[in-house]
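> One-letter residues, chain by chain:
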Amino acid sequence: MSQNIEDRGYVHPEKLVSTEWVAEHLDDPQVRIVESNEDPLLYPSSHIPGAVQIDWTVDLNDQLRRDYLDQSGFESLMSRNGITRDMTVVFYGDRSNWWACYALWVFLLYGHDNARVMDGGRTKWELEGRELVREVPVYAHTDYRAPVRDDETERAFREDVLAHVEAGRRMVDVRSPEEFSGELLHMPGSAQEGALRGGHIPGANSVPWSRATNPEDGTFLNAADLRAIYEEEQGLSPDDDVITYCRIGERSSHTWFALKYLMGYDQVRNYDGSWTEWGNLVNVPIER
Amino acid sequence: MIPDRLDELLEDFSFISDRNERVAWLIDAADRFDEVRVPPDVAAPPYDEAHRVPACESDAFVWALPTDGGVLDFRFDVLNPQGLSAMALAVILNDCCSGAPLQQVAAIPQDIVLKIFGREVSMGKGQGLMGLVTMVTHAAREELGAQSAGA
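Sequence lines, in order, name chains A and B. If you want the working numbering, it's the 1-based position in the first sequence plus 9. If you want the working numbering, it's the 1-based position in the second sequence plus 27.
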């Protein structure tokens, strides 16, 4: 049984909401529930009543360049989902909220910081036997004006990572130990997210993303347990300038969320290029 | 050559341009998963790890059961209740491969996953789904080898 969120010692407990909180706010006009999944069949099969879907491939990514949707695309996405600038957006999803954290991170790039994650995601909601429906809600379009995307505060590019490596600053590789060691490159027969080289960015600490969660229900560990892993075991400090990465930036956004909001790290960025970029770059350093 | 039923299904999917239509079709398939679930007289949890699909995040398992006609009947389980895509593919593989000529089953390429689910499927998800296909084709090759050895 997970502790109450406010009793877990988080620096920003307000960034997590419980399943109970969501159930109590299903009809709150100032709250929009958003499901973001890896499995594209989940939301259409059933979802929390009133929830809309924001899909990482179709909605959040530019369909041509490897980048996120542009400013007008984000405004349009918000408008058609009935989201206003002052609305509280609550994300949840499968895979212990990988994609929920990823979507929240993209929202933050566009300055929508009134966003939270439902602790435990879809797994916990289902385990509690809460209501799921197939009916897709329709909301009145809004007039949403987004600021220019901030690609500096929360996002790292390859040049930033290279400078980070050369300066000996802290990085967290959240992939599996096999990916970190270079034993596993990518899935056979598919080059779509593969890499030519295996290994990890020099100096990175290996902390698989799932260590930040309770396996039985996908909720985040309490602050003391998170600090035991990232600080006592791995030697990170809240004053560190940290970059997280994985393969395409989704698992690392989960760790980014834990470091930034639950542990209060002020300087933590997500490298969304991640291993699919670094492992294909010419002449960058790699460790095994 | 791949099994006729799979060939026909892939042709049908090639005409689907609406993502929602594709998703609805796959959800209908996933809803039939109980029809292809491994029967308890064949296996019960915890399953033998030899039946586990490698790299599948949905904890999928495959059994290939020899039948009197010298072909295979494929059965599955998916332990993650959120593994709808794995369930849908299991139903498709059962529909198209159970009872089909082994040479044709062995010839199924992994890229049917992309033809069925679309190219927007993530690598992690695609890896597990392709693993499901690999388990089925591998079982067909093993059975072919066993039949050759016994001939």
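Honestly, the hints are just simulated from the structure, not real lab data. All values reported here derive from a predicted model rather than from experimental measurement. A virtual CB, placed ideally from N, CA and C, is assigned to each residue, including glycine. Some hints could be false.
[Said to hold, decoys possible] Some chain A residues well away from chain B (every beta-carbon gap over 10 Å; in silico): (1) 17; (2) 48; (3) 49; (4) 58; (5) 85; (6) 135; (7) 144; (8) 171; (9) 191; (10) 233.
[Stated by the list, open to error] Partner residues are not named here, just some residues of chain B that face chain A (Cβ under 7 Å, in silico): (11) 50; (12) 53; (13) 94; (14) 98; (15) 109; (16) 111; (17) 112; (18) 122; (19) 152.
[Unchecked claim] Label pairs and their computed distance ranges (CB to CB): (20) B/136 x A/32: 44 to 52 Å; (21) B/169 x A/39: 55 to 63 Å; (22) A/143 x B/93: 48 to 56 Å; (23) A/178 x B/93: 57 to 65 Å; (24) B/169 x A/275: 52 to 60 Å; (25) B/48 x A/176: 24 to 32 Å; (26) A/275 x B/34: 54 to 62 Å; (27) B/32 x A/67: 49 to 57 Å; (28) A/30 x B/96: 38 to 46 Å; (29) A/143 x B/32: 36 to 44 Å; (30) B/136 x A/67: 21 to 29 Å.
> For each hint, tell me whether it holds in the structure or not.
Results for each hint:
no.: 1; hint: 17; in the structure: holds, 25 Å
no.: 2; hint: 48; in the structure: violated, 5 Å
no.: 3; hint: 49; in the structure: violated, 6 Å
no.: 4; hint: 58; in the structure: holds, 18 Å
no.: 5; hint: 85; in the structure: holds, 17 Å
no.: 6; hint: 135; in the structure: violated, 7 Å
no.: 7; hint: 144; in the structure: holds, 14 Å
no.: 8; hint: 171; in the structure: holds, 24 Å
no.: 9; hint: 191; in the structure: holds, 17 Å
no.: 10; hint: 233; in the structure: holds, 29 Å
no.: 11; hint: 50; in the structure: holds, 5 Å
no.: 12; hint: 53; in the structure: holds, 6 Å
no.: 13; hint: 94; in the structure: violated, 29 Å
no.: 14; hint: 98; in the structure: violated, 25 Å
no.: 15; hint: 109; in the structure: holds, 5 Å
no.: 16; hint: 111; in the structure: holds, 4 Å
no.: 17; hint: 112; in the structure: holds, 5 Å
no.: 18; hint: 122; in the structure: violated, 17 Å
no.: 19; hint: 152; in the structure: holds, 6 Å
no.: 20; hint: B/136 x A/32: 44 to 52 Å; in the structure: holds, 45 Å
no.: 21; hint: B/169 x A/39: 55 to 63 Å; in the structure: holds, 59 Å
no.: 22; hint: A/143 x B/93: 48 to 56 Å; in the structure: violated, 39 Å
no.: 23; hint: A/178 x B/93: 57 to 65 Å; in the structure: holds, 58 Å
no.: 24; hint: B/169 x A/275: 52 to 60 Å; in the structure: holds, 56 Å
no.: 25; hint: B/48 x A/176: 24 to 32 Å; in the structure: violated, 51 Å
no.: 26; hint: A/275 x B/34: 54 to 62 Å; in the structure: holds, 57 Å
no.: 27; hint: B/32 x A/67: 49 to 57 Å; in the structure: violated, 30 Å
no.: 28; hint: A/30 x B/96: 38 to 46 Å; in the structure: violated, 57 Å
no.: 29; hint: A/143 x B/32: 36 to 44 Å; in the structure: violated, 28 Å
no.: 30; hint: B/136 x A/67: 21 to 29 Å; in the structure: holds, 26 Å
The earlier numbered hints that this structure contradicts are 2, 3, 6, 13, 14, 18, 22, 25, 27, 28 and 29.
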